[in-house]
Each structure stands twice: as structure tokens, then as C-alpha cells.
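Line by line, the protein sequences are chains A and B.
Start counting the first sequence at 1; every next residue gets the next number (my numbering).
Start counting the second sequence at 1001; every next residue gets the next number (my numbering).
It cannot be assumed that every hint is accurate.
[To be verified] Some residues of chain A that are not near chain B, with every Cβ distance over 10 Å (derived): (1) VAL12; (2) GLN76; (3) SER259; (4) PRO309.
[Said to hold, decoys possible] Distance ranges between label pairs, derived from CB positions: (5) B:PRO1043 <-> A:ALA238: 47 to 57 Å; (6) B:ILE1082 <-> A:LYS8: 27 to 37 Å; (7) A:PRO13 <-> B:GLY1038: 42 to 52 Å; (8) A:GLU273 <-> B:ILE1082: 32 to 42 Å; (9) A:LYS8 <-> B:ALA1074: 21 to 31 Å; (10) B:ARG1098 <-> A:LYS8: 40 to 50 Å; (11) B:ALA1074 <-> A:LEU249: 45 to 55 Å; (12) B:PHE1072 <-> A:LEU249: 47 to 57 Å; (13) A:LYS136 <-> B:GLY1038: 30 to 40 Å; (14) A:VAL156 <-> B:ALA1074: 24 to 34 Å; (15) A:ASN146 <-> B:GLU1077: 40 to 50 Å; (16) B:LEU1007 <-> A:ARG261: 38 to 48 Å; (17) A:PRO274 <-> B:THR1089: 25 to 35 Å.
What the hints contain is simulated information worked out from the structure, not anything from laboratory work.
Quick caveat: nothing in here was measured; it's all calculated off a predicted structure.
Quick reminder that beta carbons are idealized off the backbone N, C-alpha and C, glycines included.
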Amino acid sequence: MEFKDYYKTLGVPREASADEIKKAFRRLARKYHPDISKEPNAESRMKEVNEAYTVLSDAEKRAAYDQLGRGYRPGQDFQPPPDWDSGFEYSTHGFSPGETADFSDFFAELFGRMGGMHPHDRGAGFRTRGEDHRAKVLLDLEDAFNGATRQISLRVPRQDSQGHVHIETRTLNVKIPRGVREGQIIRLAGQGSPGHGSAAAGDLLLDVHFKPHPRFRVDGRDLHLTLRVAPWEAALGAVVAVDLPQGRLKVRIPEGAQSGRQLRVRGRGIPGEPPGDLLLDILVVLPSAESPHARVLYETMARELAFDPRHETQGSSHG
Amino acid sequence: MDDNDFLIGSVMEDAWLTLEQIAAACTADPEWLAQRLGEGCFPDAESVAGVWRFSTSSILRARRMRQFERDFDAAPELAALIADLLEETDSLRARLRRAGVDNT
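The shape of chain B in the complex, shown without the other chains (with noise of 0.2 Å):
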């Protein structure tokens, strides 16, 4: 197998994505996100130039409140509220495994 046999990927970190990006990443349809970010649901956006920008964490963000919605009728702030609460959770694991402390 040489080299042409392999897909070489791109890593999507500091590169800021599109409100189509972020929906097509999560199989959401973009007015449902659309909707989100006018309730403001994505404190991190941006807005530049009339042009929303995200990062890749929103993809996380967006899979989690998606999937609230969907599994128990979630009204989008609480969807919202527990991926605040997941993110802070993320948060205080990462600080535990760099502490060295086995937290899975």
C-alpha cells in the first residue's frame, strides 16, 4: 500500500466554522441551530461582519443539546443548561487527569 492509498485528513481546531458547519456536523438542520443562537445558547459565537463563526467545541455543544431535545422533549434553555453543566463537568475531568487522578 503506498501513500495514495491513504486519505489524509485536516484538522478542524483553530480554524472557525460557519452556522452551516456546525448544524451539518451535528445532523441538525440549520434554522434549529439558527434558532439556539438567536436564544442564546452559544455564548461563544461570533459575529463578525454579519457572519456567525463558532468554534469546534460548539460541534460537542450542539451533538449534546441536539440529543436533549430529541430524547426528552428538552425546552432549549434547559438543553442548554445541562450542556453548561456537561462542559463544566469536561472541565473539572481534565483537571483530575492532570492532577494524576484516575477519574473514568
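Same shape as in the complex, but just chain A (with noise of 0.2 Å):
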């Protein structure tokens, strides 16, 4: 296990006082915000600086890591002394034993044991229900059609005979129901931590996310998809084939379309109840005019179309 220094993390000296270890929490929290930060690894500095803060915000904590992590460098192999926490009391500092975790093991090692991770040692008889736990799950747009299973790890707290918290590696495999969206939770139920005394287990919140596809763009269950069309297949309606996640689909073109019109076919877009629709935003592709045979077409169109393309702007304008 690799010592972690929490202060350079944080990036305060040693001697920062409580007060300039909250606005170096502050700074980087924002920074790191999953919702706003661009940063690459928002999500795992956030949490690396969540796992400082906690260590160094509470004074008991912080003073058992000063006397523990003398001497010791970051990344250095690290193993603490039996019993080396003795004397100490901790408490937590916001953050759940759900939350925590999601810490490194060198934090679980040090700080499992009254650091907040069991917090249902209350006596005989207290029953309260396990603590949820989130997870995130990144699917494919094909998944949305198809169903998908998927491989979960999940790190869990627990605690042996001595008192002492151990984070374990838990692998659940888990069905994805066809049809699901962008932003829904899909509930695993019981499979979060256990429950104290007789209480039921938490659950195990699954948050769905999709990757981006190349092709199509989702907005709940539509499907969006530019299709593009020739000049001759816009002006002269055609069928076209469009290759779907599910299949391919035949779709008629009406004659005149012009870019920028959008068709919908109800009912093929990610299924569900109901199923969502396919929206084809029409653009019309022109042929390259690179060779002598297409050059003539166009000459010949330019010559025998009665066409002015601004015909309808030139009214409002003054070029």
C-alpha cells in the first residue's frame, strides 16, 4: 500500500491552519465539480481531494495522520503498526460511509476502524436500514435496442472480528433492460450495504449513461439522424435505406425536399412504452463538379433552370 500525502493533495504546507485547508477544499472543489470542470480526471482528483479533506479537516484525524505519516513519502510502501490508532476518536465530516468507500485503501486502512464506515454500532437492538450505494453505468446506443449485461465492481467496507474496516472488491452481473435513457436510474434492490439488526439491505442505484454515437443524436427516446440526400433524390422523392440500430429501414423521400426539413417515423426510436420516434434532418449533398461529365450537367442546369436560390432573401437584402 502506497502512503498518500493528503497536504500535498490539497496543496497546503504542513503547518496549514484549519482555516487554509477549508479554502484549499474550496478552490479545488470547484475546480474538479463534475458538472462544470474540463479537466481530464475531474471525477478522480474530486475524490482524491474529498479523501484529503476528510483526513484534514477533522483535527483527530489529522493529528493520528501527522504522527503516523512522519518520515513516510508519497507513493512509499506504507503498512501501519498494529493498534496504531489507539487513543484516537474519529468522527465524520459530511461524508457517508457510502461516500468513503470510494476512498483509496491506504484511507480504509487508516481510518476504517471508528473513521465513519461502520456507523451502525449503536448497540442491541438499533435496526436501521443499509445505506444505498451509487454506481455508473456507461452504455452503448445499440444497448438502448438490445437489452445489454454488464459487469459491476463495486468496492465494499467491511468489517472483521478486530473492529477493523477492509474495502473488498464485490462483482455483480447485471441485465440492463432494453429501452432504458440518458439520466435514469435503474434500482438493484438489496444490493447496496447491509442492514443493521433485522433491517433490510440499501439498494444499488445504477445512473445510466450513454457514450456519444457517431451517427445518431438522443433526446429521451428519439432517435435524431442527418440523413443526407443527392439533389436529384431531394427534388424527385426516392426511397432510401437507413441503417438503424435495429435494422435497416426504408424511408421515402418527398418530392421537393429541401435541407433542413426533418422527417419522423413514429415509433422507431428506442422502444419503450412509448416507443420514441426517428427524426431525419434532410441534407442535400451536391456532387462534386471535379470532372469534365459533372461539369456539364451543372452547366447544362445553370443554362436551362429558370433558378435564383435568393430569390426569396434578395427582397430583404441589399446584395
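Join these two chains into a complex; the hints should help.
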């Protein structure tokens, strides 16, 4: 296990005051806030910052950490001596046991016992429901059509007979139902922390997110796709094939379709009750005029079609 | 591996959630949530026959508010205001995505 330098994580000297530590934490909490941060690895950096602040903002934890960490360098191999923490009494500072379970093994080893990772030790007869856990699940758009299976690894605090808490990894195989959407939450009842006494276990809540798709844009259950069509398909009308995650679909382009026009195919979006729609944004794409034959065709159209594309807008412009 | 080895989850979508479920989902004390509710910080929550019910979007709102209060000592009203602004940002980002504009 590597030693973690929490002072370095927060960017403060070892003699920093409580106020300086709080200010440093807030500056970093703003910098790595998941809703606005553009920093790479913002989420994992925020976890490190939260972990460091949990220790350094608590006078008892900080004193114990300072005493134990004297002489260690960041990354150096580290094993705490047995019962090193006797004489210290820790409290939690705003982070729930489920949240501190996300912290490092270093934190679990040092502060797992009495450190707020098992707040249910409140005497015989005490009953409280286990805490809910959260995890993110990242899906492909195709998974919304076909359903999916995912293996999810969770870090779970477990207490041994001496009262020490160790982090264990628990792996679950989960079926993702067909028709899920961005932002939905999938609940796995009873897969959170165990309850205390005879109370029920908490739930595992999976936050559903989708990877960006190179072709489709998703809005709820509706699918948006830019459909590129040739000028003659747009002008004359045509039936064109569109590849969708669930197979190929033939779509009729109406005669006289223009770029920017939207075609709606009902019920061909993400499945559900009701299913979403497929929305095709027409984009007319011109063939290149590089070949002599194509040039002749364009020149013929220019000569023989009385077409002024600016006709409708010329009245309001001076150009 | 057969189907029995897989856990099948339920989508928390159209179901209404109770105050206790929202509090558990954001690892907060129900009392904390009840106070914020009393202060009008959850405008979408409804009281039906004296029982509060929430939509699933309240989970994210509660998580954000709790985080701002904890990390920045924000007053509940300020945390609710920031949550309002982030929800507005989410909505605008979704409009950009629909329009095919990459806003990551």
C-alpha cells in the first residue's frame, strides 16, 4: 500500500491552519466539480480531494495522520503498525459510509475503524436500513435497443472481528433492460450496504449514461439522424435505406425536399411504452463538379433552369 | 453463465418516490430533506393525501444541494439556486446535443 500525502493533494503546507485547508479544499472542489469541470479525470481528482479533506479537516484524524506519516514520502510503501490508532476517536465530516467506500485502500486501512465507515455500531436492538450505493453504467446506444449485460465492480467496506474495516471488491452481473434512456436510474433492490439488526439492506442505484454515438443524437427516446440525400433524390423524391441500430429501414423522401426539412418516422426510436420516434434531418449534398461530365451537367442546369436560390431573400437584403 | 447469475434491475422512471427513498439515494438524513422541502427547495415535489412524492430528477437535485451545502457551507437557498442553474445548464446542453453541436 502506498503512502498518500494529503497535504500535497490539497496543495497546502503541513503547518497549514484549518482555515487554509478549508480554502484550499473549496478552490479544488470548484475546479473539479463534476458539473462544470473541463479538467481530465475531474471525477477521480475530486475523490482524492474529498479523501484528503476528510482527514485534514478533522482535528483527530489529522493528528493521527501526522503522527503516523512522519518520515513517509508520497508513493512510499506503507504499513501501519498494529493498533496504531488507539487513543484516537474519529468522527465523520459530512461524507457517508457509502461515499468513503470510494476512498483509497490507504484511507480504509487507516480510518476504517472508528472512522465513519460503519456508523451502525450503536448497541443491541438498533435497526437501520442499509445505505444505498451508487455506480455509473456507460452504455452504447445499441444497448437501449437490445438490452445489455454489464459486470459492475463495487468497493464495499467489510468489518472484521477486531473491528477493522477492509475494502472488498464485489462483482455483480447486471441485466440492463431494453429501452433505457440517458439519465435514468436502475435500482437493484437489496444490493447496497447490509442493514443493521434485522433491517433491510440498501439498494444499488445505477446511473445510466450513454457514450456519444457517431451518427445518432438522442433526445429522450427520440433518435435524431442527419440524412444526406442527393439533389435528384430531394427534387424528385426517392426511397432510401437508413441503417438503424435494430436494422435497416426504408424511408420515402418526399418530392421537393429541402435541406433542413425534418422527417418523422413514428415509433422507430428507442423502444418503450410509448417508443420514441426517428427524426431525420434532410441534408442535400451536392456531387463534386470536378469531372468534365459533371461540369457539363451543372452548366446545362445553370443554362436551362430558371433558378435563383436567393429569390426569396433578395427583397430584404441589399446585396 | 446462465440467466440466474444476472441481477435484473428496475428502472426508476415513472414511479413516484417517497421522501425516504430520495434521502437514501443521496445518502442524506430524511430530516435534512424534510427541512429543504419545507423551505421550498423542491418545487416539483407534490403532496398527495399528506404524503410527499418526488420524481426521479429530485435525486440529482438533492445530491447536488447536499454537496454544495457540505463542501461550501452554502445556505440551503443558495444551494437550491445553484441546483436551479445547473438544471438550466443541463437543459441547454441537451438542446445543443439535439442540434448536433458537440458541447462536451
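Measuring from beta carbon to beta carbon, are LYS136 (chain A) and GLY1038 (chain B) in 30 to 40 Å?
-> holds (32 Å)
Can we confirm that no CB of chain B comes within 10 Å of the CB of SER259 (chain A)?
-> holds (13 Å)
Whether the CB-CB distance between ILE1082 (chain B) and LYS8 (chain A) falls inside 27 to 37 Å | holds (29 Å)
State, for the Cβ atoms of ALA1074 (chain B) and LEU249 (chain A), whether the hinted interval 45 to 55 Å holds or is violated.
-> holds (50 Å)
Lying within 38 to 48 Å: is that true of the beta-carbon distance LEU1007 (chain B) to ARG261 (chain A)?
-> holds (45 Å)
Has the hinted range 24 to 34 Å been met by the Cβ atoms of VAL156 (chain A) and ALA1074 (chain B)?
-> Given range 24 to 34 Å: holds, Cβ gap about 31 Å.
Beyond 10 Å from each Cβ of chain B, as asserted for PRO309 (chain A) = holds (23 Å)
Is it true that GLU273 (chain A) and ILE1082 (chain B) lie within 32 to 42 Å of each other by Cβ?
-> holds (35 Å)
Would GLN76 (chain A) pass as off the interface with chain B, using Cβ distances and a cut of 10 Å?
-> Fine: 30 Å to the nearest Cβ keeps GLN76 (chain A) off the interface.
At the C-beta level, are PRO1043 (chain B) and ALA238 (chain A) separated by a distance inside 47 to 57 Å?
-> Hint holds: Cβ distance 49 Å, inside 47 to 57 Å.
CB-CB spacing for LEU249 (chain A) and PHE1072 (chain B) relative to the 47 to 57 Å hint | Given range 47 to 57 Å: holds, Cβ gap about 50 Å.
Can you let me know if the beta-carbon spacing of LYS8 (chain A) and ALA1074 (chain B) is within 21 to 31 Å?
-> Given range 21 to 31 Å: holds, Cβ gap about 27 Å.
In summary, the structure agrees with every hint in the numbered list given earlier.
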